[in-house]
Each structure stands twice: as structure tokens, then as C-alpha cells.
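> With these hints in hand, go ahead and build the complete structure from the sequences.
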Amino acid sequence: MAGQRYLSRKISQFCFANPSFHSLTFSSTALFMAITTICSSPAHSPTLPAISSLKTHHHIQPHLIVSSSFSTKFGSNFVSNDALVIAAAAQAVALAHAAMQAARDAVLAAAETGDVWSGRESEKGLVRYGSGSGVRRRKRRKGLEGKNGVGSRSSRGSVKSRNLSSIEEAELCLCIKEGARLEVARTRITKAQGRQPTSKQLAKAIGMERSADKMLCDGRNSRERISRSYRRLVVSIAKGYQGKGLSFQDLIQEGSIGLLRGVEKFEPERGYRLSTYVYWWIKQAIIKAIANESRIVRLPGHMCRMVARIAEARNLLSKRLGRLPTHDEIAEVLDVHISIVRLVSERNRPPISLDRSITDQGRVTLQMIRNHVSMLKVRP
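Counted the way UniProt numbering counts, the sequence shown spans residues 1 to 380.
Be aware that one or more of the hints could be misleading.
[Claimed, not checked] No more than 20 Å apart at the CA atoms, straight line, and that leaves these computed lysine to any residue pairs for SDA-like:
1. Lys288 to Val307
2. Lys265 to Arg220
3. Lys283 to Ser227
4. Lys265 to Gln284
5. Lys288 to Leu216
6. Lys265 to Ser227
7. Lys177 to Lys265
8. Lys244 to Ile257
9. Lys244 to Ala308
10. Lys283 to Lys319
11. Lys283 to Ala308
12. Lys283 to Glu269
13. Lys204 to Ser227
14. Lys288 to Gln242
15. Lys177 to Arg261
16. Lys177 to Arg225
17. Lys265 to Ser275
18. Lys204 to Leu216
19. Lys177 to Lys244
20. Lys177 to Leu164
21. Lys265 to Lys244
22. Lys239 to Leu216
23. Lys239 to Arg220
24. Lys265 to Ile206
Think of the hints as simulated: they come from the structure by calculation, not from any bench. Bear in mind that the values here come from a model prediction, so they are computed numbers and not experimental data.
What follows is the structure in C-alpha cells.
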């Protein structure tokens with residue numbers, strides 16, 4: 001009975017681990033249970049080891065063993081009890097062998113097809129046989145896409161960026177620097193000769209043996225890869241300067257220009273990362289673009305810095321005094337002359353359009369008033 005329980009438990013574990021073959025193994029389980037029941041029955045003869053000598057192939061057709069001595073002696077086919085036990089056991093073993101062979105063929109067929117369960121069952125964390133090959137194929141496919149540099153969604157314009165290693169940063173920066181040198185040499189030769197130089201002339205001008213076209217192509221590819229890999233850094237810096245005169249897309253574009261400018265100045269042998277170095281260049285490019293392009297009338301760089309200092313001092317004094325501060329109070333806080341505060345405040349005023357109407361309901365514009373005043377001045 002102990003052997004019967006052990007065999008039943010093993011069959012149940014096999015069925016649970018292979019739920020897709022439950023229907024196939026159910027009949028096998030029943031056959032195994034029948035074998036163990038026959039073998040463990042006390043009514044049968046204990047001398048069953050002789051069964052091991054029997055052949056258990058599919059073509060076996062177990063038949064009743066008739067004792068010839070009894071038939072000749074009594075004139076009838078008398079079947080002994082031991083012969084019935086052996087015949088029944090042989091038949092059960094043959095059927096069990098056939099069921100096991102069918103189950104083995106089904107397992108091999110399922111292993112070749114790969115996925116058996118649905119995705120919903122896989123999300124529940126259930127484990128099945130044959131799933132390892134599919135996971136390995138997916139990982140191998142992802143690895144091949146990563147080596148190519150562009151994922152499977154590149155055709156739709158969505159490219160997934162990833163961080164670069166120190167070695168990749170050094171190689172890309174070297175390619176960008178060589179491409180920048182070629183561009184400078186091309187501009188210089190073009191101005192001197194009045195025409196575009198050839199690839200050989202360009203390579204000879206900078207003393208390099210490699211093809212200039214290949215170097216220029218590598219430089220362009222390196223710029224694209226650097227811009228794609230550090231786009232998230234540019235976006236995070238540009239978010240802090242929204243609403244200051246430039247659109248978000250323009251801020252990202254200016255930050256990307258500052259990124260490439262910082263890459264050309266980067267020195268990997270110093271030991272620091274590229275993201276740490278180019279942070280200042282990205283920020284500086286965005287601030288400079290805001291100062292130059294956010295106004296109709298451009299202010300010098302030192303004037304823009306003074307505007308920021310005056311605005312900060314005005315906000316601080318407004319909270320402290322409960323009113324708008326005067327120019328004298330702002331100059332005293334900043335420790336500058338009052339004329340500088342007055343000049344910067346006047347230059348920082350936003351321009352007014354001449355097409356602006358004086359009243360909300362009227363049609364008189366500033367341009368009409370300006371023309372009228374000019375006509376009055378012309379009259380004697």
C-alpha cells in the first residue's frame with residue numbers, strides 16, 4: 001500500500017506540473033492505479049517477480065495460459081488461479097507501457113511547439129515545461145536589437161535611449177572631436193581656395209591617413225547617439241526654464257546644442273563622467289538662448305544678470321516691507337549705484353505694440369496717435 005501511495009503522489013505531481021497534458025495523463029493515472037491495485041491485492045499469488053521476464057511490447061496479446069496436463073486428464077480447459085494473475089498483470093503492464101509512450105510523445109511535441117499556456121496564465125507566475133526556450137529567444141532577440149543601436153520601434157520614430165559606459169563615452173567624444181576638426185579645416189580651405197576641398201585634400205590638411213568622408217560620417221553618427229542617450233538630461237534641465245520667453249521645444253533644441261558643445265570640450269582622461277561635465281554647458285546654452293531670443297530688443301549678458309538680481313531683491317523687499325520698494329532701497333541692498341538700477345529697470349520694460357488700442361471698446365490705436373502728433377509737429 002505504501003508503494004501505491006508513493007506512485008499515486010508522483011503521478012499527481014507530474015499532472016500538476018504539466019496541466020496542458022492533464023487529459024492525456026488522466027488515463028495513464030487510472031492504468032497505474034489498476035496495476036498497483038492488482039499487484040497489492042492479497043488474494044493474488046505473492047510470487048509475482050516472475051512477471052519481469054515477460055515481454056511488454058505494444059504487440060503483446062496476453063492470453064489465458066491453459067494447463068495441458070489438466071486438459072488431457074479431465075477433458076476440459078481448466079485455468080489455474082496463478083495463470084489468471086499472471087495474464088492480468090501482463091495485460092496491465094502492456095497497457096501502462098503504451099500509455100507512458102503516448103504521454104512521452106505528447107511532451108516532446110509540446111516542447112517543440114514552445115508556448116502552451118496563454119499569456120494570462122504566465123502573468124500569474126505559474127511554471128511550465130518548455131518555457132525556458134521562449135524566454136531565451138526573447139532575451140537573445142533583445143540583445144541583438146541593443147547591438148544594432150536601434151530597437152524594433154525605430155521605424156515608428158520612437159527610439160529607446162540608454163546610458164553609455166565610460167569607454168563608449170570616450171570613443172564617441174573622440175569621433176566628434178575629429179569630425180569638428182575636419183569641419184574647421186574644410187571651412188578654412190573653402191575660404192582660402194573659394195571652393196569645397198576634396199576628401200584627400202581635407203585629410204592631408206589635418207595630417208590624417210584615414211578617409212575624411214568616413215570620419216565625417218562617424219562624427220555625425222556619434223552626435224546622434226550622444227544626443228539620443230542624453231536627451232532625458234536635456235529635458236530635465238529645460239523643464240526649469242519654461243515660461244521665460246521660449247517654447248519647450250526651443251529650450252530642448254538649445255540644450256542639445258550646448259550638450260554637443262560640451263562633448264567637444266570633454267576630456268575623458270580626467271576621470272569624471274560626461275553627464276557631470278555637460279550639465280553646465282546645457283544650462284548655459286539655455287540661459288543664453290533665453291537672454292538672446294526671448295526679447296525683441298536684446299540686452300547684454302551682464303545686463304540680464306543684473307535684471308535677475310534686481311528682481312530677486314525686489315521680491316525680498318516686497319515681502320519684508322509689504323509694499324513695492326524704491327530704486328534707492330534696491331540699490332542699497334545690492335550695493336550698486338542707483339543709476340544702474342534705474343537704467344536696468346527702464347531697459348527691462350516689455351515693448352508695447354503700436355497696433356494696441358487705447359481703450360477696450362475704441363478703435364484708436366497708438367499708431368494713429370503717433371501719426372497725428374507727427375502731423376501737428378510738421379504744421380507751422
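> Check each numbered hint against the structure and report the violated ones by number, ascending.
Checked against the structure, the hints that fail are numbers 5, 10, 12, 13, 19, 21, 22, 23, while the rest are satisfied.
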